[in-house]
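Number of protein chains: 2
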Amino acid sequence: MDDKKKKRRRPDPSSDEETRLPFKNRLKPDSVILESLRDLLNTSSSSASTSKTLTLADLALASTCREVNELSLPSVESAIESLILKIARSILDGHGFSFDVPSRSAANQLYVPELDRIVLKDKTSLRPYANISTVRKSTITTRILQLIHQLCAKSIHVTKRDLFYTDVKLFQDQTQSDSVLDDVSCMLGCTRSSLNVIAAEKGVVVGRLIFSDNGDMIDCTKMGMGGKAIPPNIDRVGDMQSDALFILLVEKDAAYIRLAEDRFYNRFPCIIVTAKGQPDVATRLFLRKMKMELKLPVLALVDSDPYGLKILSVYGCGSKNMSYDSANLTTPDIKWLGIRPSDLDKYKIPEQCRLPMTEQDIKTGKDMLEEDFVKKNPGWVEELTLMVKTKQKAEIQALSTFGFQYLSEVYLPLKLQQRDWL
Amino acid sequence: MDDKKKKRRRPDPSSDEETRLPFKNRLKPDSVILESLRDLLNTSSSSASTSKTLTLADLALASTCREVNELSLPSVESAIESLILKIARSILDGHGFSFDVPSRSAANQLYVPELDRIVLKDKTSLRPYANISTVRKSTITTRILQLIHQLCAKSIHVTKRDLFYTDVKLFQDQTQSDSVLDDVSCMLGCTRSSLNVIAAEKGVVVGRLIFSDNGDMIDCTKMGMGGKAIPPNIDRVGDMQSDALFILLVEKDAAYIRLAEDRFYNRFPCIIVTAKGQPDVATRLFLRKMKMELKLPVLALVDSDPYGLKILSVYGCGSKNMSYDSANLTTPDIKWLGIRPSDLDKYKIPEQCRLPMTEQDIKTGKDMLEEDFVKKNPGWVEELTLMVKTKQKAEIQALSTFGFQYLSEVYLPLKLQQRDWL
Numbered sequence: 001m002d003d004k005k006k007k008r009r010r011p012d013p014s015s016d017e018e019t020r021l022p023f024k025n026r027l028k029p030d031s032v033i034l035e036s037l038r039d040l041l042n043t044s045s046s047s048a049s050t051s052k053t054l055t056l057a058d059l060a061l062a063s064t065c066r067e068v069n070e071l072s073l074p075s076v077e078s079a080i081e082s083l084i085l086k087i088a089r090s091i092l093d094g095h096g097f098s099f100d101v102p103s104r105s106a107a108n109q110l111y112v113p114e115l116d117r118i119v120l121k122d123k124t125s126l127r128p129y130a131n132i133s134t135v136r137k138s139t140i141t142t143r144i145l146q147l148i149h150q151l152c153a154k155s156i157h158v159t160k161r162d163l164f165y166t167d168v169k170l171f172q173d174q175t176q177s178d179s180v181l182d183d184v185s186c187m188l189g190c191t192r193s194s195l196n197v198i199a200a201e202k203g204v205v206v207g208r209l210i211f212s213d214n215g216d217m218i219d220c221t222k223m224g225m226g227g228k229a230i231p232p233n234i235d236r237v238g239d240m241q242s243d244a245l246f247i248l249l250v251e252k253d254a255a256y257i258r259l260a261e262d263r264f265y266n267r268f269p270c271i272i273v274t275a276k277g278q279p280d281v282a283t284r285l286f287l288r289k290m291k292m293e294l295k296l297p298v299l300a301l302v303d304s305d306p307y308g309l310k311i312l313s314v315y316g317c318g319s320k321n322m323s324y325d326s327a328n329l330t331t332p333d334i335k336w337l338g339i340r341p342s343d344l345d346k347y348k349i350p351e352q353c354r355l356p357m358t359e360q361d362i363k364t365g366k367d368m369l370e371e372d373f374v375k376k377n378p379g380w381v382e383e384l385t386l387m388v389k390t391k392q393k394a395e396i397q398a399l400s401t402f403g404f405q406y407l408s409e410v411y412l413p414l415k416l417q418q419r420d421w422l
Numbered sequence: 001m002d003d004k005k006k007k008r009r010r011p012d013p014s015s016d017e018e019t020r021l022p023f024k025n026r027l028k029p030d031s032v033i034l035e036s037l038r039d040l041l042n043t044s045s046s047s048a049s050t051s052k053t054l055t056l057a058d059l060a061l062a063s064t065c066r067e068v069n070e071l072s073l074p075s076v077e078s079a080i081e082s083l084i085l086k087i088a089r090s091i092l093d094g095h096g097f098s099f100d101v102p103s104r105s106a107a108n109q110l111y112v113p114e115l116d117r118i119v120l121k122d123k124t125s126l127r128p129y130a131n132i133s134t135v136r137k138s139t140i141t142t143r144i145l146q147l148i149h150q151l152c153a154k155s156i157h158v159t160k161r162d163l164f165y166t167d168v169k170l171f172q173d174q175t176q177s178d179s180v181l182d183d184v185s186c187m188l189g190c191t192r193s194s195l196n197v198i199a200a201e202k203g204v205v206v207g208r209l210i211f212s213d214n215g216d217m218i219d220c221t222k223m224g225m226g227g228k229a230i231p232p233n234i235d236r237v238g239d240m241q242s243d244a245l246f247i248l249l250v251e252k253d254a255a256y257i258r259l260a261e262d263r264f265y266n267r268f269p270c271i272i273v274t275a276k277g278q279p280d281v282a283t284r285l286f287l288r289k290m291k292m293e294l295k296l297p298v299l300a301l302v303d304s305d306p307y308g309l310k311i312l313s314v315y316g317c318g319s320k321n322m323s324y325d326s327a328n329l330t331t332p333d334i335k336w337l338g339i340r341p342s343d344l345d346k347y348k349i350p351e352q353c354r355l356p357m358t359e360q361d362i363k364t365g366k367d368m369l370e371e372d373f374v375k376k377n378p379g380w381v382e383e384l385t386l387m388v389k390t391k392q393k394a395e396i397q398a399l400s401t402f403g404f405q406y407l408s409e410v411y412l413p414l415k416l417q418q419r420d421w422l
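Chains as they are written, first to last, in the UniProt record's numbering: chain A, 1 to 422; chain B, 1 to 422.
What the hints contain is simulated information worked out from the structure, not anything from laboratory work. Mixed in with the good hints, there may be bad ones.
[What the hints assert, rightly or not] Derived DSSO-like pairs: lysine-lysine, alpha-carbon spacing no greater than 30 Å straight-line:
1) Lys160/A x Lys310/B
2) Lys160/A x Lys276/B
3) Lys160/B x Lys222/A
4) Lys276/B x Lys310/A
5) Lys363/A x Lys320/A
6) Lys160/A x Lys335/B
7) Lys160/B x Lys24/A
In this text the structure is predicted, and so the values were computed from the model without any measurement.
Isolated chain A (complex conformation) (with noise of 0.2 Å):
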């Protein structure tokens, strides 16, 4: 509270700023500041190239493990065609018919270390449709089938709830499509936006980046303070080309907002996107995308709490119910720039912009604790340990007490300058 005092006596913002601001006095000029980016983006698009290629079938699970791919529309609907062929050769020989589901329940998951993300096992059962216990799963899972050949035929995007009203009757709520949606996916060995049925988009995008959005051709550095907002169909998203050294992966939009309005990018040239809070398959899928394409190393501000490194792990190693897709939804070696608990104390965060953990917060923290993606990173887990046993979090936004601009000034340029990222 000194300084506040202090400030009130001194009304010229520019003279009192060094002294207020802790820390800023260390940062040296933007082009060593760069020149260690410059480093970071060497380092990454190395490992990128070799740590790419590691497969399924290179850590010999291809048998055991199951995953999807990206298909195009027409080998979606032969696959559609050569199933339902078989099911009719099935029934005319008197044999009924019946789909072989992949399990999609936790017991048949898996976290692979070497591939860093979660994996499905190659367990399935039967959905015989001569079965009163399965006779309307099947069902459904047959009109999911002919909804999505539709969707093929016509090259057009729909949402899940546009799916469930095409026949409300048989679907009876949209749970029930929707789980039945991500079985055809796995039964076709693709993805869900293979099938063209796409989330509601939620991420932007802004800084240096080129991309084509169905056919338009998209500079994100001319586009304002409100950004792009993200294609919620990856598959028409393409042609990327950027100047960027890294991208920076933002979890909220208030911390979104300052780095676009103050041109961040053209400071440090780098690609800024968010989620807006929860990721969403779009934005996962658009992250990935820059990532394999550009090479780019992706640095995370998020906020601390237990929160903030989950949504790190959704974006890094994918979410439980959608470990099928996990090879396409996840992006490898994201790292963990800030907000880290050990920055609370190292940036003198007042202890009034942190707040107190909840119980709920400190048990998330502890469970994450046993989660093998942070197992496997000490570094986070000396932090998430910090978490717990200090029993304070902070957002993004606390660092407004140094100043509204302090993020984009201070806080992120030093951080990079001192390559802090884990």
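Mind docking chain B on chain A? Use the hints.
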């Protein structure tokens, strides 16, 4: 269900489409529909130029009602300085200090039918510093004024959350700084966006619109399927140009995605905008700016439930807690295109795609029948009465029962052809 059985027997999709899609055969050529839209545009732009001039002063309400205006940063800065000088003088004169704060309570709100929006009356209350019950609030008010003054000097935008974090010890929780921020808007007589405090963006826009966002020119016909994210700060939006015949305001993103993918705006020149649910301030300001500068009619596509109508009313007449700024936030003369309760039978929406209204829905519907903004439109009263009577609601997506593109290929064109809006 007959239709669906027929369909299964006849695999050729083109021949049965006419019989399967109600009303498709009533559609006239697009040129006819476009003609009727041009008429709408002409009536709308002439009425806009007259209705636009109607103010509180015209109704002799200027002295009993209070409104705020868009102010430039230097004007806000000097308004704060005048206020503080007045207070300093009062202290020096031995009278201590006190803020005279407009009351924002429900009792001080008024619906003005001629303006078709809610406004704030002129009641104010004193907030003296030397009083135990108001000392905290007057201190917070002073601090917020100081922070806003800083924002003006730096010419940057921040979120309410940023503002809160600049002095957590004083504000304690964000509702307190948020509430005083609205008080400060009213006291200074300017909009909240004039104070450079912005809300996170949520909306997207696509179609026949060109505008500048923070200096970058954006062509919304070239924004792919994702569209352009609506900027959080309306004061950096300008240079709007359009050859559209109308603005299509869409409640939810599923419908938005359908229309964006089908490039509906190329067949019927329009601008498509959505806030993805509850209208946020940025989207409301953006819609109003489009309506005012481009003089385009606004047609709304919302769910057929009380909340769809409520959302329409927030765009049109404002929300109660920001009634002091209704002049800047509301868009006059929005037409209710659909989905209207009478559409459910008219378009033969199958029973299973309609949802029963809950007790709460029915109560909300009945409450809305008592609202002035509904009562002044007999067509709306009739529709809402029908909804409450049939106790049925339906989402826009229910139209998918006739095929995924029924919305863009039959329903909307027919609505436009028949000039079927209220």
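So, going through the hints one by one against the coordinates:
As the CA atoms of Lys160/A and Lys310/B are separated by approximately 25 Å, the hinted pair is consistent with the 30 Å bound. For a cut-off of 30 Å, the pair hint linking Lys160/A to Lys276/B stands: about 16 Å separates their Cα positions. At roughly 26 Å between alpha-carbon atoms, Lys160/B and Lys222/A fall within 30 Å of each other, so this suggested pair holds. About 25 Å separates the Cα atoms of Lys276/B and Lys310/A, which keeps this hinted pair within 30 Å; it holds.
Under the criterion of a C-alpha separation no larger than 30 Å, the hint pairing Lys363/A with Lys320/A is consistent with the structure, at around 19 Å. Restraint check for Lys160/A and Lys335/B: the C-alpha separation of about 29 Å stays at or below 30 Å, so the hint holds. For the hint linking Lys160/B to Lys24/A, the alpha-carbon distance of about 25 Å falls within 30 Å, and the restraint holds.
Violated hints are absent here; each numbered hint is respected by the structure.
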